[in-house]
Amino acid sequence: MKEKNKISVIIDGKKYRGQAGQTILSLARKNEIKISALCYHPDLKIQGSCRLCLVEIVGRSGLFTSCSTLIEEGMKIITSSPAINKAKQVNLELIFSQHCLECGDCLYNQNCNVRDFAKKYKVNIAKFPDRKKGFPTHYFSNALEFDTSKCIDCGLCVEACHKVGVDFLELKKKKNFYEVVPSVKKDKDCIYCGQCLTHCPVGAFEGIGEFESVKNWTLDKKKTVVFQFAPSIRSTIGEEFGLEPGTVVTGQLIAAIKKLGVKHVFDVSLGADVTTIEEARELVDRIKNNKPLPMFTSCCPAWVKYVEFYQPELMPYLTTVRSPEIIMGGLIKYYWAKKQGLNPKDVIVVSIMPCVAKKYEIARQEFKVKGIRPVDQVLTTRELAFLLRSKKIDLKKIKESKAVSTLGVPTGAGVIYGASGGVMESALRTAYHELTGKNLGKVEFEKVRGIEGFKKANIKIGKKIIRVAVVNAIVNAKKVLAELKKNPQAYDYVEVMACFGGCIGGGGQPVPVDDEIRKKRSQGLYNIDKKHKIRSAQQNPVVKTIYKEFLNQEKNIHRVCHTYFRKKKKEVYPLK
Amino acid sequence: MKNKNIIAKLKTSGLKGRGGADFPTYLKWQAFLDANSDKKYIVANGSEGEPATLKDSYIVKNYPADLIAGLKLALELSPKNSQAFIYLRKDYYKKYKKHLEKIIGNLPITVFREKGGYLSGEETTLCQEIENKIQRPRIKPPYPVQVGIHGRPTLINNIETFYHVAQIAKGQYKKTRFYTILGKALHKGVFELPLDYSLEKILKSTGNFPTFDYFLQVGGGASGEIILPKEIKRKATGSGSIVIYDKEKTDPWTLMLGWINFFMKENCDKCTPCREGTYRLREMIRDQKIDKKSLEDLFFVLENTSFCALGKMVVLPFRSAIKKLL
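Chains as they are written, first to last, in this note's numbering: chain W, 1 to 576; chain F, 1001 to 1326.
Looking at chain W on its own, in the form it has when it is part of the complex:
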């Protein structure tokens, strides 16, 4: 049956086999034939707007865009000819005529496609004066910025925003040109997930402060500056240094940060273990005491923003447990600092996050204790890599640090938080213990794993069946909500991550990214968990100590581990 769908084509004289319905570009990429393209992203619908991925087809006149042309039996495809090369050259000249060159702090500085193409096709990048000179930059709160002078109008960001399920970015005609703009509509707002950023081929989007904030970075010696890194970073940051996606570099990461002069490096996965315990307890409490169900996770700040703006009626269903990053920040300032004899005011917590929405999250007033924020600064994975490179610290070459993270090591459960389904799985492991008093024999919940957008499972814990859903991208959360509307009892517990694949596909992660890369990043985290001796949060001795010494008081639990939500008004408007 499968064989029937196979199609043979010839590309540049060599035979290849593909599937019916496959495009020329997709088949070429699969076979590592390079066809330059900008507006093609395997995550998203075909745009066909950049007009670079041109090929010729023997027997047909004209040029064809390989991204939008399907393979046919016996098709003879040519990827390089004088006509193709000329067309690419001219279209690249035109693309450069609308793309302001600011390569120094561009997130594609290391791997810029458009510059590589320019070299390959001998493009005069300054042939035309810049049409977009002086075009404005839109700021999306303190999370993202969009420099429209770099935008090449490919449409991928609008498509990504649509695929996430937000539709905040729009095309609007201004004078003679359509432009990508933040929506002016009152019922539309940005949730700061940053999928526009990771799908922009030319770096028109960046996190706020990327990379100015780390350009002249020096360690503030008057304060105690500590770093903490999110669960997913360990299997993604390697890409910034030429390592394969999914390569686990926990030790190297700690060593590299220490090389910056930072003495204390914390692992947010330890905070995740606390999140897990609190969240499992809340779930059990909600189930036992007939409180609002399903409970939704709330460690994804973009999802929380979505609820607070678009569907505030769901706020009672969000778990009140803070995200691992915020809990860890709180533990550092109010528990660890105290033990060290430090004033929390003199401790600066810098988080390395896979996320741009985390930049927004840390500024939430609800987290403050006596005017002090748990976390002072968020750097994306990319920003840390930029900082390390600027200090000539190469993660690839650095000796793995034997030193473990300050305060202690997390469980495997804390590490898998970085992948879609990880929060759910961790909480289920602990909830099992909470409900039955026993520890799980087999801790894996395979049904909630994987990068698919929507996973569901019925989990038997003791006599109780817990119905769970794990979704990534808001569009899939909407599907859950639609199901709940029909049947309010459809689920007990729902994990939502705004980004494709969860945090390993976050807006602060290395680019480029696609399903293959997300799978590898995710696998890296599960491999760590597999090797871990302790795989359930409640079994972590460090966490036990923290609960014995600090989280033994309701007051402390409340101010470090829990939060509340507030209905949000529109925050982001287009510039006039």
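Quick caveat, the hints were computed from the structure, so don't treat them as lab data. Fair warning: there could be bad hints in the mix.
Stated by the list, open to error - Now the in silico label distances, taken between C-beta atoms and shown as ranges: (1) W:124 / F:1115: 38 to 48 Å; (2) W:186 / F:1080: 38 to 48 Å; (3) W:82 / F:1023: 26 to 36 Å; (4) F:1292 / W:112: 30 to 40 Å; (5) W:186 / F:1258: 37 to 47 Å; (6) F:1023 / W:6: 31 to 41 Å; (7) F:1115 / W:223: 57 to 67 Å; (8) W:136 / F:1065: 52 to 62 Å; (9) F:1080 / W:112: 52 to 62 Å; (10) F:1258 / W:34: 37 to 47 Å; (11) F:1141 / W:17: 19 to 29 Å; (12) W:17 / F:1174: 46 to 56 Å; (13) F:1212 / W:125: 46 to 56 Å; (14) F:1258 / W:125: 30 to 40 Å.
Note that CB positions come from ideal geometry on N, CA and C, so glycine has one too.
For chain W, the structure is supplied; the task is to place chain F on it using the hints.
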């Protein structure tokens, strides 16, 4: 089977689409008939966004019953709950809606008001409009006849085409077309004349043959080709419009600036060559400074790499005007 005979008749007649692309009508109708679906759409395209072209409005005004008869023939080839549209630009809609609806009666034909401009006449953009989506073309293939409005097979023909289909069904098709004659013409208007008439014959038989030094723009007031007096043995192309210019009194730069402003305003900015290419072409025309190599480069990418027909059509008027008028 009676109604399927129309396709054979269309084939014998040799009728080609009158929207400008000259695609054999019977092939489109056959593909529409062959497409498998329990609901299909039919659209009579009266977007008529091309400047200096008035034939569609002429037909809607003078032969609405024939237009509707043409649509009815297509409906007879379609599944039961199929629907047809008469897709009209704003001003035509305002003028003719009521009258058309009277003739339509109970037939499943809706008179649709187009919101956009020039590009909205492009058939995939038309589908977008009817679905109330952004006015930008879709990737082809699939063609609307396979996947059109709401994913359904959609037959889109120009209003004039439907008129002729009705004539063919009645056995009254005389191999004519509707020519719009404007500009410095003595008798401006729309004229139904034989298809095989040369430009010269058209001008003479309508009393419009210029007595002054002139040139023509044929096939559309923006996308048409510049034709010199020595070339008038040719036939009319595109939308069948002819604009007569007084050579003495026409500044080719002003003329070209008008066209390029039109294209820049009306294009959708989706693809690189059309968005940026028309912008750079405009700069050259505005500054009256044409660098031949750059110009040819722009023409090359516009013709060969534009997403839709609009970008491809931009080249002809400028190439002919620059060659023949400068």
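Exercise. Between residue 1115 (chain F) and residue 223 (chain W), does the beta-carbon spacing fit 57 to 67 Å?
Worked result: For residue 1115 (chain F) and residue 223 (chain W) the Cβ distance comes to about 59 Å; the hint holds.
For this session: Kindly confirm whether 30 to 40 Å is satisfied by the beta carbon distance between residue 1258 (chain F) and residue 125 (chain W).
Result: holds, 32 Å
Exercise. Falls inside 52 to 62 Å, the C-beta gap from residue 136 (chain W) to residue 1065 (chain F)?
Worked result: Holds: the Cβ-Cβ distance is about 55 Å, inside 52 to 62 Å.
Exercise. Range hint 37 to 47 Å: satisfied by the CB atoms of residue 1258 (chain F) and residue 34 (chain W)?
Worked result: At roughly 43 Å between Cβ atoms, residue 34 (chain W) and residue 1258 (chain F) fall inside 37 to 47 Å, so the hint holds.
For this session: Take the C-beta atom of residue 124 (chain W) and the C-beta atom of residue 1115 (chain F), compute their distance, and say whether it sits inside 38 to 48 Å.
Result: holds, 40 Å
For this session: Take the C-beta atom of residue 17 (chain W) and the C-beta atom of residue 1174 (chain F), compute their distance, and say whether it sits inside 46 to 56 Å.
Result: holds, 54 Å
Problem set entry | Status of the given 19 to 29 Å range, CB of residue 17 (chain W) versus CB of residue 1141 (chain F) | holds, 22 Å
Exercise. Has the hinted range 26 to 36 Å been met by the Cβ atoms of residue 82 (chain W) and residue 1023 (chain F)?
Worked result: holds, 30 Å
Exercise. Between residue 186 (chain W) and residue 1258 (chain F), does the C-beta distance stay in 37 to 47 Å?
Worked result: holds, 40 Å
Exercise. Lying within 46 to 56 Å: is that true of the beta-carbon distance residue 1212 (chain F) to residue 125 (chain W)?
Worked result: At roughly 49 Å between Cβ atoms, residue 125 (chain W) and residue 1212 (chain F) fall inside 46 to 56 Å, so the hint holds.
Exercise. In this structure, is the beta-carbon distance linking residue 186 (chain W) and residue 1080 (chain F) contained in 38 to 48 Å?
Worked result: Given a distance of about 43 Å, which is inside 38 to 48 Å, the answer is holds.
For this session: Hint says 31 to 41 Å; check whether the CB-CB distance for residue 1023 (chain F) and residue 6 (chain W) agrees.
Result: Holds, since residue 1023 (chain F) and residue 6 (chain W) (Cβ atoms, about 33 Å apart) stay within the stated range.
Hint compliance for this structure: every hint is met.
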